[in-house]
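Take the given structure of chain A and dock chain B to it, following the hints.
Single-letter residue listing:
There are 2 protein chains.
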Amino acid sequence: VRVVSLPGDPGIGPRLADLLGLEYIQFLHKKFPDGEIYLRLPKVIENEGVLLVQSMYPNQNDHTVELLLALELLSRYRNNITLLITYLAYARQDKEFLAGEPVSLRSLVKALSSLGLGTLVTIDAHSPLALREFLGTSRYINIVPDEVFAEAISRRYRREELTVIAPDQGAEKRAASLAELLGCRYVVVKKARDRITGNVTHVLDPLDSVSGIAVVVDDIVSTGGTIAGIASYLSSRGVRVVVAASHALFVGDAYDKLARSGVVEIYALPTTGVTVSGVTYLDMVPYIARKLREEKVVE
Amino acid sequence: VRVVSLPGDPGIGPRLADLLGLEYIQFLHKKFPDGEIYLRLPKVIENEGVLLVQSMYPNQNDHTVELLLALELLSRYRNNITLLITYLAYARQDKEFLAGEPVSLRSLVKALSSLGLGTLVTIDAHSPLALREFLGTSRYINIVPDEVFAEAISRRYRREELTVIAPDQGAEKRAASLAELLGCRYVVVKKARDRITGNVTHVLDPLDSVSGIAVVVDDIVSTGGTIAGIASYLSSRGVRVVVAASHALFVGDAYDKLARSGVVEIYALPTTGVTVSGVTYLDMVPYIARKLREEKVVE
Numbered sequence: 021v022r023v024v025s026l027p028g029d030p031g032i033g034p035r036l037a038d039l040l041g042l043e044y045i046q047f048l049h050k051k052f053p054d055g056e057i058y059l060r061l062p063k064v065i066e067n068e069g070v071l072l073v074q075s076m077y078p079n080q081n082d083h084t085v086e087l088l089l090a091l092e093l094l095s096r097y098r099n100n101i102t103l104l105i106t107y108l109a110y111a112r113q114d115k116e117f118l119a120g121e122p123v124s125l126r127s128l129v130k131a132l133s134s135l136g137l138g139t140l141v142t143i144d145a146h147s148p149l150a151l152r153e154f155l156g157t158s159r160y161i162n163i164v165p166d167e168v169f170a171e172a173i174s175r176r177y178r179r180e181e182l183t184v185i186a187p188d189q190g191a192e193k194r195a196a197s198l199a200e201l202l203g204c205r206y207v208v209v210k211k212a213r214d215r216i217t218g219n220v221t222h223v224l225d226p227l228d229s230v231s232g233i234a235v236v237v238d239d240i241v242s243t244g245g246t247i248a249g250i251a252s253y254l255s256s257r258g259v260r261v262v263v264a265a266s267h268a269l270f271v272g273d274a275y276d277k278l279a280r281s282g283v284v285e286i287y288a289l290p291t292t293g294v295t296v297s298g299v300t301y302l303d304m305v306p307y308i309a310r311k312l313r314e315e316k317v318v319e
Numbered sequence: 021v022r023v024v025s026l027p028g029d030p031g032i033g034p035r036l037a038d039l040l041g042l043e044y045i046q047f048l049h050k051k052f053p054d055g056e057i058y059l060r061l062p063k064v065i066e067n068e069g070v071l072l073v074q075s076m077y078p079n080q081n082d083h084t085v086e087l088l089l090a091l092e093l094l095s096r097y098r099n100n101i102t103l104l105i106t107y108l109a110y111a112r113q114d115k116e117f118l119a120g121e122p123v124s125l126r127s128l129v130k131a132l133s134s135l136g137l138g139t140l141v142t143i144d145a146h147s148p149l150a151l152r153e154f155l156g157t158s159r160y161i162n163i164v165p166d167e168v169f170a171e172a173i174s175r176r177y178r179r180e181e182l183t184v185i186a187p188d189q190g191a192e193k194r195a196a197s198l199a200e201l202l203g204c205r206y207v208v209v210k211k212a213r214d215r216i217t218g219n220v221t222h223v224l225d226p227l228d229s230v231s232g233i234a235v236v237v238d239d240i241v242s243t244g245g246t247i248a249g250i251a252s253y254l255s256s257r258g259v260r261v262v263v264a265a266s267h268a269l270f271v272g273d274a275y276d277k278l279a280r281s282g283v284v285e286i287y288a289l290p291t292t293g294v295t296v297s298g299v300t301y302l303d304m305v306p307y308i309a310r311k312l313r314e315e316k317v318v319e
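Residue numbers (this note's numbering), protein chains in the order written: chain A, 21 to 319; chain B, 21 to 319.
None of these hints come from the bench; they were simulated from the model. Incorrect hints may have been included.
Repeated chains share a single entry, so a pair holds when one copy, or any two copies, can fit it.
In the BS3-like style, the derived pairs of lysine-lysine whose C-alpha atoms are separated by at most 25 Å in a straight line are [what the hints assert, rightly or not]: (1) Lys115 <-> Lys63; (2) Lys210 <-> Lys115; (3) Lys211 <-> Lys277; (4) Lys211 <-> Lys115; (5) Lys277 <-> Lys210; (6) Lys50 <-> Lys211; (7) Lys50 <-> Lys63; (8) Lys50 <-> Lys115; (9) Lys51 <-> Lys115; (10) Lys211 <-> Lys193; (11) Lys193 <-> Lys311; (12) Lys193 <-> Lys115; (13) Lys277 <-> Lys51; (14) Lys211 <-> Lys51; (15) Lys210 <-> Lys193; (16) Lys50 <-> Lys277.
Isolated chain A, as found in the complex (with noise of 0.2 Å):
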């Protein structure tokens, strides 16, 4: 097996090959002057494994480009592919919420299958079981790293002062894992967004129980409007605020709309291209290590 970056891997590439004692290889791109993508792998791979690393954001439409093309190279030469996106992009739109909307996670899915897919990984994807799904007969693993954010929690906050903190029903079963992992209690908030308009609604009421330290979790933090509220509504009641959430895209000002709201401490994944200065990004990569090793991706 060799690992092979795409433009977007925010190098997890070199480090999981170094861990894993496996061949590095980084595919060579430019922009042609018309906007085109040019890619091309510095050596030729033939009848191998290969784990081919790439985030989709931000960028998503070109990182999706850079999928198909480097699917199709690889897999003309007949090799076994392991595609990890760290960060997959159109994952929410795993369904026709309203009629007339294409199901955009289905579509990538598909256009990504039909190129010679064998094993798709990801960290922590919105949608794992609608992706399953849509995969058809390609293997696929949804990397969930509860356990990087357990341990540096733990190692900072002590188990009586924590609780675990819901922004929507989605991520119950996320704030239950982590619950678990720390040894303490969580709660859900109830939310409901209307797609078009993006308008959210809140029932906060079952916060007033919580004190100390809430750790705020989600999968995906966009532009951080529904946990600013949360905390706001915390931090008003004298809760200090963490947010623990796998990806961090952090759109326009959302960094500083959560710093205003009283979020003390942001803990994030490495997944993306996007590095925001005031944020703890975990090392995730001993543990996708463990992991593709545990799943026999690789030896």
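Relative to chain A, chain B alone:
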């Protein structure tokens, strides 16, 4: 059959629908704050014929993703999809020029096909033979509007003063065809381009026999460098130079470069989202409508 436009459509869809007497619908579109594309068809179309119209320039990768999304939706509703791509991106990377290069066109075509493409229609695609091969069982129609150019040029110039120029061997067939329609002769310039450095060498001597009006033809004008070189050579010898190109991408200062090199008139087709002042865009829509009828894509 309904005509449906994607965001890249440079206004061809509505005019085609009008000429063909078909219902016209446009995808609603926006970008989410994180940069992901959102599409929605304001009306569900099910078990119908759909003529989907898109251009892939500029912003080739955004328009690629739009195509994937739209095909997913339309094929999930069991429509019979004809996709008209007025400018097809990635058509020039139609083989592995250097070892380790993806065949970009193949990856694009395979991805589109996997999402339920019935018939593909292109306007003067760069690599129709490769396209047909990559498409497998899908139907493929390449519309080359030679007659549209011939008509415009004949209206303006006398055939006795015309010579058609192919700027490289790849344009020879195109030059021969236009010359035949115009009733004049043609000359081919030999060219060699290094795929990586982009360096081009020309053999311009055959142009010494040209006088009067030279019509330089090509499918795509990107940075305009090749044609500007030929135009400078010709105009310094007193030849008036006209350019006839299907797809005028005109990257950067391409237009100024051509104007400075002595080009007196540029004919192009409105196949992209870019409109350059000074270029004469020829109305190709009646020609396309006629071809689509002849090919029974629409009744």
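**Study point:** Numbers of the earlier hints that this structure fails to satisfy, in rising order
**Key:** none
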